[in-house]
Every structure is written in C-alpha cells, then in structure tokens.
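S.K.: Listed below are the residues making up each chain.
Number of protein chains: 4
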Amino acid sequence: MGMNAEELQAYLVAEFPQAFGAGRPHRVVRVDAAGVGVTLAASEEHLRPGDTVSGPSMMGLADIAAYAVILAAIGPVPLAVTTNFSINFLRKPQPGLLVADARLMKLGRRLAVCEVGLRAPHEGDAPFRVTGGEELCAHAVTTYSIPA
Amino acid sequence: MGMNAEELQAYLVAEFPQAFGAGRPHRVVRVDAAGVGVTLAASEEHLRPGDTVSGPSMMGLADIAAYAVILAAIGPVPLAVTTNFSINFLRKPQPGLLVADARLMKLGRRLAVCEVGLRAPHEGDAPFRVTGGEELCAHAVTTYSIPA
Amino acid sequence: MGMNAEELQAYLVAEFPQAFGAGRPHRVVRVDAAGVGVTLAASEEHLRPGDTVSGPSMMGLADIAAYAVILAAIGPVPLAVTTNFSINFLRKPQPGLLVADARLMKLGRRLAVCEVGLRAPHEGDAPFRVTGGEELCAHAVTTYSIPA
Amino acid sequence: MGMNAEELQAYLVAEFPQAFGAGRPHRVVRVDAAGVGVTLAASEEHLRPGDTVSGPSMMGLADIAAYAVILAAIGPVPLAVTTNFSINFLRKPQPGLLVADARLMKLGRRLAVCEVGLRAPHEGDAPFRVTGGEELCAHAVTTYSIPA
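Residue numbers (full-length UniProt numbering), protein chains in the order written: chain S, 1 to 148; chain Y, 1 to 148; chain U, 1 to 148; chain D, 1 to 148.
Heads up, some of the hints might be wrong.
One copy or two, either will do: identical chains are not told apart, so a pair holds if it fits within one copy or between any two.
Within a straight-line C-alpha distance of at most 20 Å, the following computed EDC-like cross-link-like pairs (lysine to aspartate or glutamate) qualify [what the hints assert, rightly or not]: (1) K92 - E15; (2) K106 - E135; (3) K92 - E6; (4) K92 - E44; (5) K106 - E15; (6) K92 - E45; (7) K106 - E45; (8) K92 - D32; (9) K106 - E7; (10) K92 - E7; (11) K92 - D51; (12) K92 - E135; (13) K106 - D32.
Hints listed in this document are in silico derivations from the structure and should not be mistaken for laboratory results.
Values in this document were obtained by computation on a predicted structure and should not be read as measured data.
Please take these sequences and the hints and turn them into a complete structure.
M.R.: See the structure below:
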C-alpha cells in the first residue's frame, strides 16, 4: 500500500511540481523502515540576510517531509491535511543542502503524528538519525488528519 | 523607538525584497496599538491542488507578521530570530487575499511571544480581531529571541 | 445539546472529583457564548519555590478549561481526548486565584481546537478577554479528538 | 558542573519534595551521556476514568524530566523556567509505571530545548530510546529559559 523512493518522488513531482519538478529544489533521497529523507538545495530564494536559510523555507521542507513519510507508509492520500505544525529552530544552518529526516510517531486511522529533524548533511552520515540532536538545526512535530 | 506602517513597509521592502518588494505578494496594511496587519495576495505559487493556499505560504505569512509586530514595537532588530513557531490550521482559506493580524502577548528583554490570526478578509471588517475565532483559517503562536 | 454552568460544574464534580469535588481547587465560574471560565484556587500543593504557581498546575488548569468549553458546546463526550497541548508561560502568577478563559477556535466533527488564556483576576474584570495579552500569565492552545 | 543520578535525585527531593520526596511518585532512574530517565509510579491520584494516566500527570512528568536533564548538564539552576511546552498524546498508557526519557536538543547560554519521550517500560528495555516511537505514549518538546 505504501510507496518506495521512486514512486514517492514521481508522485511528488506530479502533485507538487513547484517544489519537486525539474529545476526545483526538493528531492526524496531515502525511504526505508525508519522513515524518509527529503532534501532542499537552498538557493537565493531561500536565504535570509546573513546567508542563512529562511525560517519559512525550513518549515516548508519539514512539512513536505512529514507528508512524504505518510505517503510512504499508506500510499497516496491527496486529501490529508496538516492540522498542527510546531517547530523549534536550534542552530543557523549554512547555505547549501538541508536534509529533513521524517519518521512516524503515530499512524492512526484519523491522525498521523510525525517527527522531523533538519540538519546540514555531512559526508559519511548514517542514513537516519533524528536523534542526532547535537547537529539538528531545527526539529518539528506535525499532525496530519487523514480523511475517512 | 518603534515604527509606524510606512516605516515598517519601507524597512521590510529593503530587508525582504523577495517578500515585500515591487510585484511581491506581502504588504503591511495596519500598525496600531493592537498590533499589525500583513496581507498575502496569494497567487499561483502559493496554491495547492483544490485551489487552497498552501500550508507553508500561511506559515511564512504568520512568521513575517510576528516579526513585523516586534519591529513595530521596538524598531529594527535585524538579528531577532524565531525560536519556536506553532500553528493550527482551522479551515481551508479561499484563494485570494489573506490577512495576518499579529499582536504581542509578551515583550520581554530576551523573548517576545506573538499571537497571529490568519483570515480571509471581508468587507466591513473591524480592524483587529484575533479573537474572531469563528472565521480564522489558522492561528499561530511564535517566540522570537531578541539579541542582547 | 450543550451544558450551562450549573450542569457543567455538576458533571465535572462527578467525573473529576479529585479536581472539582468538595474541598478541591477547581470551579466553573462562567459559561456563555464566548466560552467558559474555570478557576484554580492555588494552595500549597500547587506552588513552587518563590511562591509562584507551578507549571504543571497551570497546564492542568488549561487542559481542564479546554475540556470544559467542549462540554459546554456539545454536552458530555467522556471519550474526548487531548491530542495536542501547547503552552507559553508569559509571566509568573502570584499565588491565589487563577482564571482560565477558554474559547473554541474550531469545533469540527473530529477535532476541536481551543485557546486558553490564564490570568490572575482583578476586581471589575470584563467577563471574557483572552486577548488581554498584557495581563496573561500563560496562553495555551489545545486540540481534542472527538470520538465518532 | 553537572550532576550525576544520586546528586540529581537528592537535589530534586530537596527542591520538589511534593514530587520526589518519601512516598511521592517521581524518581530519577538514569543519568548518562544520552540524557536522563525519570519515572512516575502512577496511582489513584494520577488516573482518569478508564484507568488511564491523566494528561496533566503526563505533562508534569515530562516537564520535570526536561528540568532534570538541564540540571544534569549544567548543575543547579533554580531560576530556570519553562517558557514553552508542547506535547502530543499518542497512545493511552496502562496504569503503573511511566518512564520519561529526556535529552537536550540544544543547550545555549539563554535557552535549552529538550525532547521527552514517555513510555510504559518493558522488561529488557534498552536504556535510552526517545526514538522508540512505536511505543511512545506521548512526546513532548520544551524550552527552558536559563537566567543570565
């Protein structure tokens, strides 16, 4: 019922071309039992003075990674909507690539609760470490309502 | 020490040209004792399937309105950063204009806490009603850290 | 379908005797179109060093006021459960009476979203002012899931 | 500068006798590089109809575990105050013992951000797994302000 990385990327390119289409900055880079990874290649439009990635760009990345982890688990649910989104900004990220690692904390019939860690990736990274708290630049928790 | 609507608009055009510059969708429409109003003229880039305004567009609008209400109160603080942002999505907004009404709940030396109500404006609106809960499409609370 | 102040107080005494029973500190003081008011008469067990009301006591009061405003609107729903609770602590309250003013921001079929303002009451208070931000000691937003 | 498990337990018994004193339900069970563990032995006063642990009891446990992980890292800071507390309730816990595993996501000069996972412990548990999301009954994120 779920989707693998290729299916998820293709679905998001079709549904969110402005985020995942050709030349656009988001990409699915991982789907596995632990969750999903989505990257943002931050460029001019995502930066704030001081060459840091803007808050709304990070919120958009976290929101889309949370949506992706639900799609990966239960397949296309186009009407799923975010009901609650909460984020703590922990450190200023450098410009460049940001990775959002999302995992499901709860997948109920009506509500899904996801945790998302945002970090600047490093060579040799382990594939999934939401708990790499020392290096997170932001941490989000989000609730999606799943249509009946 | 604070800024009025013209000063605030001019400051944001200069600091966030990608949001407030010519042809861009954000605008300061109100600064008074109750807080500030910032609008988003939602267009193609802000929409999701179903012709509703995207969550990240609403989050960006709320974040910027919270920043604006701090600027209006204490003047330019370019290094103020969002530390926490929490939003509840209540109703799907129609495409078109969105208004964010922001007010300060606390303005301390180190932290400012702001409440933001998002709504589609109606003719004859009273100038400021965060509590118009029946009509809010989203409600956000955000904390800014103010540099020493 | 809803409940007035007397019905609500009686229901809460029966369902939460440890909070609303005889000699216990919580009480329903207002039910009207704007929402509900619930008080906590803070005593020894609710205080922290410095003679301030403890955070968990304030969280408990806000949670119960949010539950009360749902009961007031739709009548007894014993299985309603909090799914999300978020609070900002704004000022240290004095020991003594605390008032929680709760209102519904959304009452859907499955989810209710409530806003709660906590304040130390003053003589001559207007009956309901969540937006009296200058005087709030805490502000909470909470989501309840309503059973089908 | 920090505190080990014995020092932390002793400090909390002295500072919060109503929570950690003799016959009271909270206890520090772990302090290590990953964070701290605090337990609540839930009894009558913490239960709700349906024999589940009450929301406020879980919030109180999470708040105190977050405070404990800060004490463990930097030693006694009696004036540290919670500024923001956000919790998602994921599953109803059984009555009995609850464990709160807290870790620091950020320890700045002015703000500390902590993540807390609440779970019912099982025999043979690994010592620390905030990410054991499948088994968490609640997940909290909290911000403490550290006095200058």
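S.K.: Each of the hints needs a verdict: does it hold here or not?
M.R.: Right, here's what the structure says about each hint:
1. Proximity of K92 and E15 under a CA criterion of 20 Å is satisfied inter-copy only: 18 Å between copies versus 30 Å inside one chain copy.
2. In this assembly of identical chains, the alpha carbons of K106 and E135 lie at most 20 Å apart only when taken from different copies (9 Å versus 24 Å within one copy).
3. When the C-alpha separation of K92 and E6 is checked against a cutoff of 20 Å, the pair qualifies neither within a copy, at 31 Å, nor between copies, at 30 Å.
4. In the homo-oligomer, the alpha carbons of K92 and E44 lie at most 20 Å apart inside one protomer (16 Å), although the nearest pairing across protomers, at 30 Å, exceeds that limit.
5. In this assembly of identical chains, K106 and E15 lie within 20 Å of each other by CA distance neither inside one copy nor across copies; the values are 24 Å within and 28 Å between.
6. Proximity of K92 and E45 under a CA criterion of 20 Å is satisfied intra-copy only: 17 Å inside one chain copy versus 26 Å between copies.
7. Within a single copy, K106 and E45 get their C-alpha atoms no closer than 34 Å, and across copies no closer than 28 Å, so neither meets the 20 Å cut-off.
8. For the homomeric pair K92 and D32, neither the shortest alpha-carbon distance inside one copy (28 Å) nor that between copies (27 Å) is at most 20 Å.
9. In this assembly of identical chains, K106 and E7 lie within 20 Å of each other by CA distance neither inside one copy nor across copies; the values are 23 Å within and 36 Å between.
10. Within a single copy, K92 and E7 get their C-alpha atoms no closer than 32 Å, and across copies no closer than 28 Å, so neither meets the 20 Å cut-off.
11. For a Cα distance limit of 20 Å, the shortest separation of K92 from D51 inside one copy, 9 Å, qualifies, whereas the shortest one across copies, 34 Å, does not.
12. For the identical chains of this complex, K92 and E135 are intra-copy neighbours only, at 11 Å inside a copy versus 32 Å across copies, given an alpha-carbon limit of 20 Å.
13. Only within a single protomer do K106 and D32 lie at most 20 Å apart by alpha-carbon distance; the minimum there is 16 Å, versus 27 Å between protomers.
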